[in-house]
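K.L.:
Using the sequences and the accompanying hints, generate a full structural model.
There are 2 protein chains.
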Amino acid sequence: MTSFTHLKSAVRLKELSRNLFDLTTGNFNPKRIEQMIAYALDFKLFYSTERVTDEVMHALFDLAEETQAIKKMHAMQAGEVMNRIEGVESENRAVLHTAMRDFFDHKNTAPAAVKAASLAMDELKKLQAFLKKIDGKFTDLIQIGIGGSELGPKAIYLALEAFQKKGIRVHFLSNVDPDDAASILEAVDLKKTLVVSVSKSGSTLETKTNEEFIREAFKKKNLSPKDHIVAATGKGSPMDDPENYLASFYIWDYIGGRYSVTSMIGAVTLGFALGYDHLWDFLRGASAMDKVALLPDPTKNLPLLSALLGIWNRNFCYLPTVAIIPYSRALFRLPAHLQQCDMESNGKRIDKQGHFVDFSTGPIIWGEPGTNGQHSFFQLLHQGTDTTPIEFIGFKESQYDHDLLYQGTTSQEKLLSNLFAQMIALAQGKKSDNPNKFFPGNRPSRLLFTEKCDPYHVGALLAYFEHKVAFQGFMWNINSFDQEGVQLGKVLATQMIQLFAKRRKKEGLTSQDFPLGQAFLRHL
Amino acid sequence: MTSFTHLKSAVRLKELSRNLFDLTTGNFNPKRIEQMIAYALDFKLFYSTERVTDEVMHALFDLAEETQAIKKMHAMQAGEVMNRIEGVESENRAVLHTAMRDFFDHKNTAPAAVKAASLAMDELKKLQAFLKKIDGKFTDLIQIGIGGSELGPKAIYLALEAFQKKGIRVHFLSNVDPDDAASILEAVDLKKTLVVSVSKSGSTLETKTNEEFIREAFKKKNLSPKDHIVAATGKGSPMDDPENYLASFYIWDYIGGRYSVTSMIGAVTLGFALGYDHLWDFLRGASAMDKVALLPDPTKNLPLLSALLGIWNRNFCYLPTVAIIPYSRALFRLPAHLQQCDMESNGKRIDKQGHFVDFSTGPIIWGEPGTNGQHSFFQLLHQGTDTTPIEFIGFKESQYDHDLLYQGTTSQEKLLSNLFAQMIALAQGKKSDNPNKFFPGNRPSRLLFTEKCDPYHVGALLAYFEHKVAFQGFMWNINSFDQEGVQLGKVLATQMIQLFAKRRKKEGLTSQDFPLGQAFLRHL
Chain A
22 MTSFTHLKSA
32 VRLKELSRNL
42 FDLTTGNFNP
52 KRIEQMIAYA
62 LDFKLFYSTE
72 RVTDEVMHAL
82 FDLAEETQAI
92 KKMHAMQAGE
102 VMNRIEGVES
112 ENRAVLHTAM
122 RDFFDHKNTA
132 PAAVKAASLA
142 MDELKKLQAF
152 LKKIDGKFTD
162 LIQIGIGGSE
172 LGPKAIYLAL
182 EAFQKKGIRV
192 HFLSNVDPDD
202 AASILEAVDL
212 KKTLVVSVSK
222 SGSTLETKTN
232 EEFIREAFKK
242 KNLSPKDHIV
252 AATGKGSPMD
262 DPENYLASFY
272 IWDYIGGRYS
282 VTSMIGAVTL
292 GFALGYDHLW
302 DFLRGASAMD
312 KVALLPDPTK
322 NLPLLSALLG
332 IWNRNFCYLP
342 TVAIIPYSRA
352 LFRLPAHLQQ
362 CDMESNGKRI
372 DKQGHFVDFS
382 TGPIIWGEPG
392 TNGQHSFFQL
402 LHQGTDTTPI
412 EFIGFKESQY
422 DHDLLYQGTT
432 SQEKLLSNLF
442 AQMIALAQGK
452 KSDNPNKFFP
462 GNRPSRLLFT
472 EKCDPYHVGA
482 LLAYFEHKVA
492 FQGFMWNINS
502 FDQEGVQLGK
512 VLATQMIQLF
522 AKRRKKEGLT
532 SQDFPLGQAF
542 LRHL
Chain B
22 MTSFTHLKSA
32 VRLKELSRNL
42 FDLTTGNFNP
52 KRIEQMIAYA
62 LDFKLFYSTE
72 RVTDEVMHAL
82 FDLAEETQAI
92 KKMHAMQAGE
102 VMNRIEGVES
112 ENRAVLHTAM
122 RDFFDHKNTA
132 PAAVKAASLA
142 MDELKKLQAF
152 LKKIDGKFTD
162 LIQIGIGGSE
172 LGPKAIYLAL
182 EAFQKKGIRV
192 HFLSNVDPDD
202 AASILEAVDL
212 KKTLVVSVSK
222 SGSTLETKTN
232 EEFIREAFKK
242 KNLSPKDHIV
252 AATGKGSPMD
262 DPENYLASFY
272 IWDYIGGRYS
282 VTSMIGAVTL
292 GFALGYDHLW
302 DFLRGASAMD
312 KVALLPDPTK
322 NLPLLSALLG
332 IWNRNFCYLP
342 TVAIIPYSRA
352 LFRLPAHLQQ
362 CDMESNGKRI
372 DKQGHFVDFS
382 TGPIIWGEPG
392 TNGQHSFFQL
402 LHQGTDTTPI
412 EFIGFKESQY
422 DHDLLYQGTT
432 SQEKLLSNLF
442 AQMIALAQGK
452 KSDNPNKFFP
462 GNRPSRLLFT
472 EKCDPYHVGA
482 LLAYFEHKVA
492 FQGFMWNINS
502 FDQEGVQLGK
512 VLATQMIQLF
522 AKRRKKEGLT
532 SQDFPLGQAF
542 LRHL
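First to last, the sequence lines map onto chains A and B.
Heads up, the first sequence is in the numbering used here, so the first residue is 22 and it goes up one at a time.
Heads up, the second sequence is in the numbering used here, so the first residue is 22 and it goes up one at a time.
A hint or two may mislead.
Which copy is meant is left open, so a pair is good if it fits within one copy or across any two.
[Stated by the list, open to error] Capping the alpha-carbon separation at 20 angstroms, the derived lysine to any residue pairs in SDA-like fashion look like this: (1) Lys52 to Gln539; (2) Lys154 to Ser222; (3) Lys240 to Leu425; (4) Lys452 to Gln516; (5) Lys511 to Ser453; (6) Lys93 to Thr320; (7) Lys458 to Val507.
No wet-lab data here; the hints were simulated from the structure.
P.N.:
Dropping the structure here:
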């Protein structure tokens, strides 16, 4: 396998990057804006504000071709083993989050995908029956989980809170901080509270600790925890236990935590809060975007197109970060989910053959909703010394119908005006004799735009980012599906905990006991 | 004024940066950890995990000396005009947020500072009397404000929520999204609700719109808005109006939005929620750190030391971002506040004489609490191709007393174990024959550590970051106190709104009407 830097297309892109397209001149004009819009489903990707030319776009399409990006996406969705490093000890798994929602048009026919989708459908049916059975019994739901068992489900839940059933409240509990749990317990009536405990292995320390805490609370109220707690876990895990749980919903080893929102990790809570029909729409949106990710034409394959533009900015314009800026308050935790999805997937330094890479992989992902950001860090985006490429997200309609017409426009129109104004300002800049009023421009951005922040479109949006990340991993030839980089911290934390435990027991520490840890401990 | 790159100390630092200290060898040892701790108040700054040597530290101290950093801090706190660009049209103001809390030891004696502190004290006394008068009347408070009138107060309020008075709830309302306001209104009993409307100018569009919305809601309940709404605004602004407000609390033009938390912008809400005594402790902590920022010894002046280490990473190790990682869930919105405080202050490209700079100014600030981050983006921090310097924040004690002793250690001890383990892992890395288990190390971090996330220490923490930002601006010779970079977006947004308004009225658009905006509008 040719390494990324030596790909013919990459060499060509490097040449082209010596003469970046200048957005501050008349070349950034209405015609360019019109020509650089890509369409799929009812999504539009506006990318005229990126520093690309037709030549660059063709070289990027060649890159996708040369790295067989779409073929790998087919392989992933078909259930081939994508999570693997050749020649060294590594995970060795399929990656099948797309099967968790492959219930609609153009179903995948590969046996592994068919089987995974069928198992997922069984769980969904189980969930549907369960939701029917408990209808009206619970007002509150507490989801216990950490990492991917919290970030994604919480970001999506908050994005769709506007569609929540009346009288329902959802709480997320992730940390071992006992007061987190206590404050939730104060807010709920346990008699009417359902708990979803989420752990693939069934043994995540933080999750089990919090679950125990909640179990005790039920017992103190003379309630049986078993009537209130359901598990979302791997089949056969310690949590897959009808003696202790009202129900179990299954996930499998081919679902990574950061890709698990559409599995039972997210579905139980979303189904409970939004109702099964909204959950179904959400899955339908995700599945529709999965199919877009298979389209051979890169001008229609929006996740691939976005991945390519990202690679242009990252590897050829040398921009180390990406800001995700949704112009919708509902998406305010999406950047936190994408931090995990993207940075944990592509923050890697070896390729799939175990060689150290000599190019930049995953960027730093950060961001806040645009309305707040404009009053905060946009100063740096416009006039700072560094350039941050931005992925904007916008919606034509607001989530609620009752928008306010004020001075001739609605709030949503004002919001969109700000969004487009920022794209233009960042791209075009502004000359001025006063250096403090000079805007250099040439700050690239793109906009993913669609109808409404509703279950269907949020599902599609989620899948769009999942696949953008996967495509970048495919083209960089890295494994986007493991996370060895979190292990060392865990090992050292265990050693440090032992120091604390010994100190507490007033046992003497020897010079053998984690000396670096001791040097810090002495000062606490 | 010599430009930053030509400073003698900067030239020396550049030389030293050619041979960066290697943290992956035995040189990173207990002795180094012990020697690289700086102390002030009951704060400790651990910086052995930065890539610095004694030589680098001395050159950094020379940089502080050569740029007269501490002298400028004295000038700022004394009320000299610091917000100015020489020779061009610019703001022309003093910067006196330190006077908002200069009520304790070693008060500033400069006339401008004395006057500002005295005016601030008047407002505090007014607030104290007001809180006494309304005691027991209100259960809920809604703070309406955007940008600095929301981010800082909200971050600090959430940091100290554990100290909140029983039965009190606080809500923040910033966006014009009418449903934001509606959902808050649903949650409160308006009879028992106090509203703080925050706008220095008294005319911020978002804030006034939301205030009107809330006023209507009071009227619908046959309540008089005037009995429920207080203003935090500039004296003489349209909102300084006893006909329409229960009370007015004043701020002044020498308080920038992002430095306004300790002024009445934050104080009304914090005083109401936490009680006056906690507010006073918070101010006492901030003031104590203000005095630390004046200490001539850079090894005791923690904000200066942190600023210097930041400049080392930014300008000599070429690291473009900074992650703020508090090991405390209570500080989960601190990174968002620091995004504004830092990026809006130092995201600049001209120096104080109006010349374009030829070096990097303010970095990109991002971050999440460590507990969540470890399960999310830490993969990239450890094994990504780029290096992110980290500013950790830690506390010896938890906020609540009832910590859980489990398997020999408390939750707080487990939390701290993780914190120190991450610092060591990032610095030292780990060799392995399996390239996927190889950690390169040399990823710099530092830790600000103190006793407890309580009002006093959070006040000091806030001031620490405010002064770190100001020191970096002083040393770069840029104006950290204006924000011209937000203007262009506003101007273009107005043009775009006019397009929407015309379209809505079915008026034809001519080719003169903002053609770039039209090109986008056609596709909505």
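K.L.:
Now, for every hint given, state plainly whether the structure supports it.
P.N.:
Hints, verified against the model:
1. For a Cα distance limit of 20 angstroms, the shortest separation of lysine 52 from glutamine 539 across copies, 11 angstroms, qualifies, whereas the shortest one inside one copy, 65 angstroms, does not.
2. Taking identical chains as interchangeable, the C-alpha atoms of lysine 154 and serine 222 are never at most 20 angstroms apart, the minima being 27 angstroms within one chain and 56 angstroms between chains.
3. Proximity of lysine 240 to leucine 425 under the C-alpha cut-off of 20 angstroms is restricted to the inter-copy arrangement: shortest distance 18 angstroms between copies versus 49 angstroms within a copy.
4. In this assembly of identical chains, lysine 452 and glutamine 516 lie within 20 angstroms of each other by CA distance solely across copies; the values are 18 angstroms between and 58 angstroms within a copy.
5. When the C-alpha separation of lysine 511 and serine 453 is checked against a cutoff of 20 angstroms, the pair qualifies only between copies, where the shortest distance is 16 angstroms, while the shortest distance within a copy is 53 angstroms.
6. For the homomeric pair lysine 93 and threonine 320, the shortest alpha-carbon distance inside one copy (18 angstroms) is at most 20 angstroms, but the shortest distance between copies (54 angstroms) is not.
7. For the identical chains of this complex, lysine 458 and valine 507 are inter-copy neighbours only, at 10 angstroms across copies versus 45 angstroms inside a copy, given an alpha-carbon limit of 20 angstroms.
Of the numbered hints given earlier, the model fails hint 2 alone.
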